[in-house]
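> Using the sequences and the accompanying hints, generate a full structural model.
As you go down the protein sequences, you meet chains A and B in turn. Numbering-wise, the numbering used here comes out as the position in the first sequence, counting from 1, plus 3. Numbering-wise, the numbering used here comes out as the position in the second sequence, counting from 1, plus 640.
Bear in mind the hints are in silico, worked out from the structure with no lab data behind them. This structure is a prediction, so every number in the text was calculated from the model and none was measured. Worth double-checking, as some hints may not be accurate.
[As the list claims (entries may be wrong)] Okay, the calculated bits of chain A under chain B, using three or more residues with CB under 8 Å as the criterion:
no. : region
1   : 17-28
2   : 34-48
3   : 185-196
4   : 401-413
5   : 424-435
[Stated by the list, open to error] 30 Å max Cα-Cα, derived DSSO-like pairs, lysine-lysine:
no. : chain 1 : residue 1 : chain 2 : residue 2
6   : A       : K116      : A       : K162
7   : B       : K730      : B       : K779
8   : A       : K372      : B       : K779
9   : A       : K491      : B       : K730
10  : B       : K723      : B       : K779
11  : A       : K491      : A       : K372
12  : B       : K779      : A       : K491
13  : B       : K730      : A       : K372
14  : B       : K1180     : B       : K1248
15  : B       : K960      : B       : K723
Heads up, the beta-carbon is just placed ideally off N, CA and C, and yes, glycines get one too.
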Amino acid sequence: MNEQFDSVGLEILWSRLIALADECWTLTHRAAFSPIISEALDLGCEIMDAGGSTLAHATRGIPVFNLVLPNVVRHLLGMEDRAMEPGDVWVTNDPWLCAGHLPDIAVVTPVFKNDRLVAFVGNIANATDIGGGLNRASAREVYEEGLYIPPCRLYRGGKLNSDVAGFIAANVREPEVVLADLDAQAGANEATAAGLLRMMDEYGLENLDALSRQIQDRSENAMRQAILAVPDGIYESETETDGTDEPIRLRARIHVSGDTLRIEFPDCPEQAPAGGINSVLNYTRAHCFYALKCILAPSIASNEGCYRPIALDVPPGSILNAKHPASVGLRAKTGWHVHSLIFGALAAALPDQVIAGIGFPSWIVISGKDRTGRAFREHLIVSGGLGASGGADGISASGFPSSAASVPVEVIEARSPVLIEAKELVGGSGGDGEYRGGLGQRVRVRALPGMTQELVLSSSLDRTRVPAAGSLGGGPGMPSRMVVETSKGTRDAAEGYAVLSSDSDTAIVTVSGGGGFGDPAGRAVASRERDRRLGYV
Amino acid sequence: MSARYRVGVDIGGTFTDFVAIDQESRRPHVHKLLTTPGRPADAVIDGLRELLARLDARPDTVDLIVHGTTLASNALIERTGAKTALLTTKGFRDVLEIGTEQRYDTYDLRLQFPEPLAPRDRRLEIAERTTRDGVILQKPRSDEVDSALTALSLDSVEAVAVAFLNSYRNPENERAIARWIAERWPSMAVTLSSDISPEIREFDRTSTAVANAYLQPVIERYLGDLSERLEEMGVERRLLLMLSNGGTGTVELGRQQPVRLLESGPAAGIAAAAYYARRQELPSVISFDMGGTTAKVCLIEDGRVATTSTLEVARVHRFKPGSGLPIRTAAVDVLEVGGGGGSIAAIDSLGLLRVGPRSAGADPGPACYGRGGVEPTVTDANLQLGYLNPEYFLGGRMRLEPELARRAIEATLDSLGDATKAAWGIHSIVNEQMAAAVRVHCAERGADPRGSTLLAFGGAGPLHAARIARILGISSVVYPPSPGVNSAFGFLIAPLAVDLSRSLPSPLDEVSWAAVNALYELLRAEGRRSLAGADLEEDKIGYRYSADFALSGQSHEITVDIPAPDFDSDSAAELTARFREEYQRRYRRLPAGFGIQVVTWRLTVFEKREITEMAARSTAATEQERRSRQVHIPEAGGWIECPVVARPGLAPGATIHGPAIVEEAESTIILLPSEIATVLSDGCIETRLADVPREGRAARSKGAES
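Given below as structure tokens:
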């Protein structure tokens, strides 16, 4: 095929690339060991050109993973020790390059055609454990949060680099599982690379540069058109987050001018000295891009071209652009809130596209030892309610902006000696409004009766102080809460961390509902009646 | 011969189709009439009467009726099932509504999910609990169950599903509820999750149980009505139902487990494809059925249709996985993609030519139908390129308007150049989309399309197959006869078959082989009971064994064929070898240091049936008028005067060299340059590329069948 692609040829190749990325995603999670990947689907897969620009990502991959992979590749290409050969597989979890905290590990495979580097296949998945302290809210520096893997070769010339594998194995709690999951990622990359080379052969492509350029350009143009449709102006908003000791105020100012958009974060607080709530720049940027894509151009194929018209100005050293060695383990507790800022700022201009405040998902990591002394770790994912929009109630129990699924209760129980006594929607947790916020959830967790070892629960519980706000007159959702019931009474576990020392201790975690949209007086009578009948309020 | 006819009946949305095969002459007779949605049995009975009258046959000449219906699928889509309640473990009332929590479209802030079949006020909690080991921590209390049942009866509920946590390990608490209901409320339709889907993962199991309960009264009424009226009519021979797994089952099975009837329509077409694959001893076949709005792809290896254990039905967005209701049941593993003759072509916001998934449907249909459609479709493109004969569409029952097609293409796609260039773009993109779908489907199953045979049918399949095969590196395509009635024909050749399974998770080296042998005894007996209504003799029953394995700690299993169970302590070694081979084929890497876990033991019980062969429709060549027309074949240089051959006049053994067009009433085959077509004795047309040698044809045998 000619190097100039017409709209037929381009569509054919582009669809093929997306299909290849989807195949990578399927192979990875089917072969994975940890339920955080195989059931919760906390992974993303992407095909990039030789310069690290995105060509296509897996349709159901985690959006933020897709958005940060090019950073990783560009860094590899700029390193002093950057020699790459067929059979090499790179690995890193550097939060400042990847997904903003240590558990998300990138596996990147360079693809060669006739000994020339033509592409990269990248794959980020959440490791079931990365070492470090269990109470992530107590970390002061990233050193306390687990193993930090600088970019290095997990495979060299097709052979496992046992030095690297050994380092990883020695620093995590479930070494066999963590290494096997990395293998699943590398195997899927390898299959995808083979498919990519077949495609290039079929169409007589020696490299992907021209194809990449055209794909990026098309997406860029489509995004520019979408921005042009937003009236020029300066849009501002502010929001509060739980912070560590007290709430933190974040502000955003969005400048829309013609077909470009720039986001500033005025008066952004300094990075937090402890608590893991710091967001690094690439994580903040990824969430800004993701939020804008959702409201401006949700249906166009996504790649970096989409984001060229968007500029970001985040003060270095601030909580949204934290510098090493800040603690970042719970970075979502700050980073996810840029969605609220962006939706809030653009609500007036794009009332039909935004949603009200989001009851964010909470990830509860349950750690302990079974009767045989084997250490176990389970990830109980509990999503909150999404904010309502101008036209529909918010979705209940929806994993936004993570896009991860939950791990079935029966799978957790089958693997480890825990008893989950409830996982249910919380009536009344959605904010009131013409459209009601989505409902949050409540779970009850304890040890299987007869277990004498303690259970440690460590969660990323957010919105315990500051609920999800309503939009355009809608009310706030119900906040989150974690308590522990024991024979001596009930105690608060506001940090999201609890140790259950007896099999009669029960942790009860309530995850927040979403904000309502529009004046509650405008809610249809039939909707209110239905809410009452079904116990949604 | 008194009982000489076997009849296939397919109730579709618009038509109820009949195919009767005369077992003496082996000739098929086709009949159709409008479906009667209010009382679907009406059209079945009326059509059967008309068909028998046409054949001048008495009702008692009917030996077998195989029936396929979309009633179950439609009841889920149109929400016309029973008023259904769910009894569930305290704390887990919202399992259906919470679902997976995953966002099937990551950028859509207003995702929609199907409403639960049992709304929240009909989901009642019972304080009870079973652990992961099957230990009962708490039994249901009679007073609580009594008050729940009273509440449901006051609400005039028609069906009840019971889905308790961990019931896949121990069904006792669910069974206790079933006994209570049977005592207090004998007429109530009850589905236990531990009966319908005894497998781990509460959302899938609950969803399956509720869907089954929801369908039971509807299917019960319909099948009761139909059986009664067939009996009145004097057709007292056996009635069988087409199942999701590509086999057929008894009426009793359909009444008890109506989820097994879901998506049985596509399964029938694939059963027919499998028949040709076996008959022609093709080791690897990709069944490709392309119709008006979608195309369906399925792998058939060694004559066996690939099956899966999960279906997703009633999707909010037809082509978005995750937007529907999961149903755990053995089903033909079909990939459905949004591309067919009616798929609409348009330029999207990126300036790319996109085809589908939006479809012009039957009304207004493609622009060339002249019914008011103005958007260009795949059919319009195929007409513009000269592939379709405007005078001979649907055998001449409909005239196509080339001028309307051209105008629609030019009006929408002027940026692509002239109408022919744009039409070629549409045609090529559809081919690529289909090839991509086939490729992903094969990759997910560890198969490679190269070296396979493409078996193409459906109204649009034969038009696109040759080029799709080229893209995929496939050198041989087979076109079965009468592609339009392939589904109804599938009913007649699908064997009785029921899939059974039991989860019994254990490390492979700790399996109690005596227990597995005993388990298989039970499953075989259960399978024989399921087929018993069909009066099968023991020597007509076959068994196929497989099991789901994973590396220890892994979530997803892979299904591997296993030998017939006469297991002993040496069996672990053989099963390990089979698993490792399949694992490496799929995932490329086998991580070291993990034991092997066996999770579920599976059994397919099937009827070893003499296959009814259809006679080729024409045994002697009829003199063909030499015909040709202008057709756009870029592989031959562009517009050429292309020979046109009428398929009905072709005798077995006839050969045709491409480029050529082969026409019949329901579809059109395009032969490319360097392709040679041969008519086979079963009426199929087989093509292969002149420059590619014929693949080895010996059927490989895998797995155990006895």
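> Would you mind marking each hint as holding or not holding in the structure?
So, going through the hints one by one against the coordinates:
no. : hint              : in the structure
1   : 17-28             : holds (count 6)
2   : 34-48             : holds (count 7)
3   : 185-196           : holds (count 7)
4   : 401-413           : holds (count 10)
5   : 424-435           : holds (count 5)
6   : A:K116 - A:K162   : 20 Å, holds
7   : B:K730 - B:K779   : 12 Å, holds
8   : A:K372 - B:K779   : 28 Å, holds
9   : A:K491 - B:K730   : 24 Å, holds
10  : B:K723 - B:K779   : 27 Å, holds
11  : A:K491 - A:K372   : 24 Å, holds
12  : B:K779 - A:K491   : 28 Å, holds
13  : B:K730 - A:K372   : 27 Å, holds
14  : B:K1180 - B:K1248 : 5 Å, holds
15  : B:K960 - B:K723   : 28 Å, holds
Of the hints listed earlier, there is not a single one the structure fails to meet.
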